[in-house]
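Undergrad: Listed here are the chains, written in short residue letters.
Protein chains: 2
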Amino acid sequence: MSRMAVAVGPGEQPMLEQAVTEAGARTAGLDEARALVWNGSPAQFPDHLPDGIEWVQLNAAGVEDWFDAGVFERFPRVRFTSAAGAYAASVAEHTLMLLLAGVRYLPEHLRAESWRQREFFPHVGSLRGATVAIVGAGGIGRALIPMLTPLGAKIIAVNRSGRAVTRPGIPDDVETVRADELAGVWSRTDHVVIAAPATAETRHLVGAKELAQLKPSSWVINVARGSLVDTDALVDALRAGTIGGAGLDVTDPEPLPDGHPLWTLPNAIVTPHDSNPPQLRMAAFAEHVRANVVRFADGAPLRAPIEPERGY
Amino acid sequence: MSRMAVAVGPGEQPMLEQAVTEAGARTAGLDEARALVWNGSPAQFPDHLPDGIEWVQLNAAGVEDWFDAGVFERFPRVRFTSAAGAYAASVAEHTLMLLLAGVRYLPEHLRAESWRQREFFPHVGSLRGATVAIVGAGGIGRALIPMLTPLGAKIIAVNRSGRAVTRPGIPDDVETVRADELAGVWSRTDHVVIAAPATAETRHLVGAKELAQLKPSSWVINVARGSLVDTDALVDALRAGTIGGAGLDVTDPEPLPDGHPLWTLPNAIVTPHDSNPPQLRMAAFAEHVRANVVRFADGAPLRAPIEPERGY
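Line order of the protein sequences matches chains A and B.
No gaps in the numbering here: position 89 of the first sequence is 521 in this note's numbering, and each next residue is one more.
No gaps in the numbering here: position 56 of the second sequence is 488 in this note's numbering, and each next residue is one more.
Since the hints were derived computationally from the structure, they do not count as laboratory data.
You can trust all of the hints, since none of them are fake.
All copies of an identical chain are treated as equivalent in the list; a pair is satisfied when it fits inside any one copy or across any two copies.
With a Cα cut of at most 20 Å, we get these calculated SDA-like pairs of lysine to any residue: (1) K586 - A715; (2) K586 - P600; (3) K647 - R620; (4) K586 - E454; (5) K647 - Q711; (6) K586 - R560; (7) K647 - A715; (8) K586 - R722; (9) K586 - A723; (10) K647 - N699; (11) K641 - T674; (12) K586 - E607.
Values in this document were obtained by computation on a predicted structure and should not be read as measured data.
Based on the sequences and whatever the hints tell you, model everything.
TA: Printed below as a string of structure tokens:
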């Protein structure tokens, strides 16, 4: 059986060409190919596609721009897939890193220049048996749960529907709570991960009232958007020590200005929105491409299909 | 059915009494009990046990002292269990924290007082697709593997026998390498975790020759004993930047003296042998007790049985 022909563009895309080859297909020009892997913008996208192209893989996770550009209308016979979900793993890994570093008291360890074992002992915590509330159980939240449960953490997943979060690697007994019942979560969780979209409703979702219900050992991790946390209230709680600390990959304002107290508070960890840097995005997209080329060749359902008639 | 009676000692042991109750049993005096949970030393252990005591749970993971004290000989009819395996999870969690903090460039992030996003981007790595060699696949190694695989890391487990490492949560395809073939591992792994016992053979297992085969992005994590790593060679590699960094919960010498270069090298993370602090040991032992009381009541095999005739 001859290997499936896949076009890759725009221009040279060595990592994607390798992914196609590793998937058991071969790279080819557009005229010969059955599929196109596209690592560019809608503006660069070809005006015409040969009839042989059955499937196009895009590199964006959200495809609003592609709808706006009218690309799906132009090619009604072609199946499109996005990269939705492909980039969540890196942010989830970063979240786990921030949470573990906080719970295990790493910031103060890194400042130490002598063997302060007895002083540090009581501050070294664990996620074993701890409850972690994940507010926003979308791609990042769903990627994070299977990373936390092997550590013995209990999860409260908060989403809009309250429907159980299912995915391979997620235990059946993960508690799911509807977003409108979030008020009851703060006092019974150990830690909070913010991974919900920024909307008018989620602005300052974490404010003084919510922070006051957390524990002196609680860490708040924000990897979503800075606006979900009331920065001034957070700084107050960090200064007063009413929570354990905060790990922030996103801030409000962003970029965080020089001289801001979050840069120097001993229980704040700030990473400058770099949880998903360009080189990891590319690697993650290549992995997504590899998986989808295998699926296409096998006639299996593709990951992240775009359904233009539904608008996503 | 009446609840099983379990004695707990020496003295008051509120966490262990709670664990017994949570397991569905009840606490009782020695004369009434079928089992004894012992959170003390061999020297404190009772000289005589009532005939009703069928099982004794000890709080030590290694029980050499109990053999030396002749306790097992004194009570040949009694089943003893140790706490072997109970304390590995906390050290494994600490290992994951050190490795993630290193790979994601956290030490430099914590020194930053301005938004250095573009500078940091290329330094933020990931365990996804990375190979992690775990040298010593005992309790800590076996606890660590199920924490790493959900992140997309590939594992090379190195143990004495080369027999496949099996345990719930460990994928079937984990590569296992015999310790005498370790020399071939350094050049093909991304990161190294040292979790092997300290013996004459493992002294300076990581030296200049081994470090030279690692990558400029490789992190070396040591949670076993300081003597397994040649400290001077490690400091040279960290200064030269021939490896990414080192995360050390154990050092040689230990305690690490004030003024040692490991305290201030930007790519070294030192935690003062606090990966398993006293309060977490107690919580882990309570969890072990809870599980074993349930098993005993059910007539199921107990965790960590001591086999005096075999000497462990």
